[in-house]
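Those letters in the sequence shown? Residues 1 to 300, per the working numbering, in order.
Certain hints may be false.
Unchecked claim - Straight-line Cα separation of at most 20 angstroms, EDC-like style, residue types lysine to aspartate or glutamate; simulated pairs:
1) K253 with D98
2) K205 with D161
3) K73 with E7
4) K73 with D161
5) K73 with E59
6) K205 with D222
7) K205 with D250
8) K253 with D222
9) K253 with E202
10) K73 with E36
11) K253 with E206
12) K253 with D188
13) K253 with D218
14) K205 with E234
15) K73 with D98
The set of hints was computed from the structure by calculation and includes no laboratory data.
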Amino acid sequence: MGPGHPERPERLRAIMQGLEQARFASLIRLSAPRAEPEALQRVHPQSYLSALERAAPREGYAALDADTLMCPKTLEAAWRAAGGAVAAVDEVMSGRADNAFVAVRPPGHHAGAHNPMGFCFFNNIAVAARHAEAAHGTERVAIVDFDVHHGNGTQEIFWADETTLFCSTHQAPFYPGTGGRNETGVHDTIVNAPLLAGSTGEAFKEALADRILPRVRDFAPDLILISAGFDAHERDPLGGLRLREADFGDATKRLMEIADRRCGGRIVSMLEGGYDVDALSRSVNAHVLALMGVSGDANT
Numbered sequence: 001m002g003p004g005h006p007e008r009p010e011r012l013r014a015i016m017q018g019l020e021q022a023r024f025a026s027l028i029r030l031s032a033p034r035a036e037p038e039a040l041q042r043v044h045p046q047s048y049l050s051a052l053e054r055a056a057p058r059e060g061y062a063a064l065d066a067d068t069l070m071c072p073k074t075l076e077a078a079w080r081a082a083g084g085a086v087a088a089v090d091e092v093m094s095g096r097a098d099n100a101f102v103a104v105r106p107p108g109h110h111a112g113a114h115n116p117m118g119f120c121f122f123n124n125i126a127v128a129a130r131h132a133e134a135a136h137g138t139e140r141v142a143i144v145d146f147d148v149h150h151g152n153g154t155q156e157i158f159w160a161d162e163t164t165l166f167c168s169t170h171q172a173p174f175y176p177g178t179g180g181r182n183e184t185g186v187h188d189t190i191v192n193a194p195l196l197a198g199s200t201g202e203a204f205k206e207a208l209a210d211r212i213l214p215r216v217r218d219f220a221p222d223l224i225l226i227s228a229g230f231d232a233h234e235r236d237p238l239g240g241l242r243l244r245e246a247d248f249g250d251a252t253k254r255l256m257e258i259a260d261r262r263c264g265g266r267i268v269s270m271l272e273g274g275y276d277v278d279a280l281s282r283s284v285n286a287h288v289l290a291l292m293g294v295s296g297d298a299n300t
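Starting from the given sequences, assemble the full structure and let the hints guide the process.
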């Protein structure tokens, strides 16, 4: 997105470097394929896909809003980010993988059905949910978003959907200005747990325990999807929460416990935010170690 932009290639380089450690050697690693058009069209109309094609520059940068820019290769990356979501769902639902973490950029949870926003072009987590329904017959999907920013695009897409539960912890008041506790959707399948700036891991755990985890458990999903944003870390330059790596690992373990009881352990996690690259790498390590069922310090 241009020099100095926080959503930069170094994010993925830091993640991949962290996952080169010997303790991650057993992971199955796949490249994200390009999504098929029909996978995107379950979430985004063709008119929107065509508009992005027209907006893509042949050289330099094109600004779609104050935060969201495109270079000549952005759209291909976005298609592959969505394709990674689809491929991960296929791996997990087929039993070829117990669970999956999808390390891709650009992120997706701010993208609405008809508009890009906040560094996001396609709503990858929504694409994953719709693909699970269409290709694997899931009847109930739960999405848990712990990015520091509210996943307004995901909430919009599933606002009137009784088969998808969307739960979010996030800083508020904060960008993008949505995510109040009173925003519950048409079928009471939207659950928001806003946190005040400066909130620590204890407040995060309390929000999960009181508002999020019981709803996910009672929903009895066939699949749990995670919008895994790590910008709630205390070192992140864009957020004001004070979480640490262990908090992300603990949240992952709590979700895995529900997945083991309710849906055969099936979890697909999609990377969202996280803009201090060192904190991002360590947080992803903690998250992936939890998905692997490994206990211990993510920094050792």
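Check your understanding: Against the structure shown, which of the earlier numbered hints fail to hold, in ascending order?
Key -> Of the numbered hints given earlier, those the structure breaks are 2, 4, 6, 12, 15, listed in rising order.
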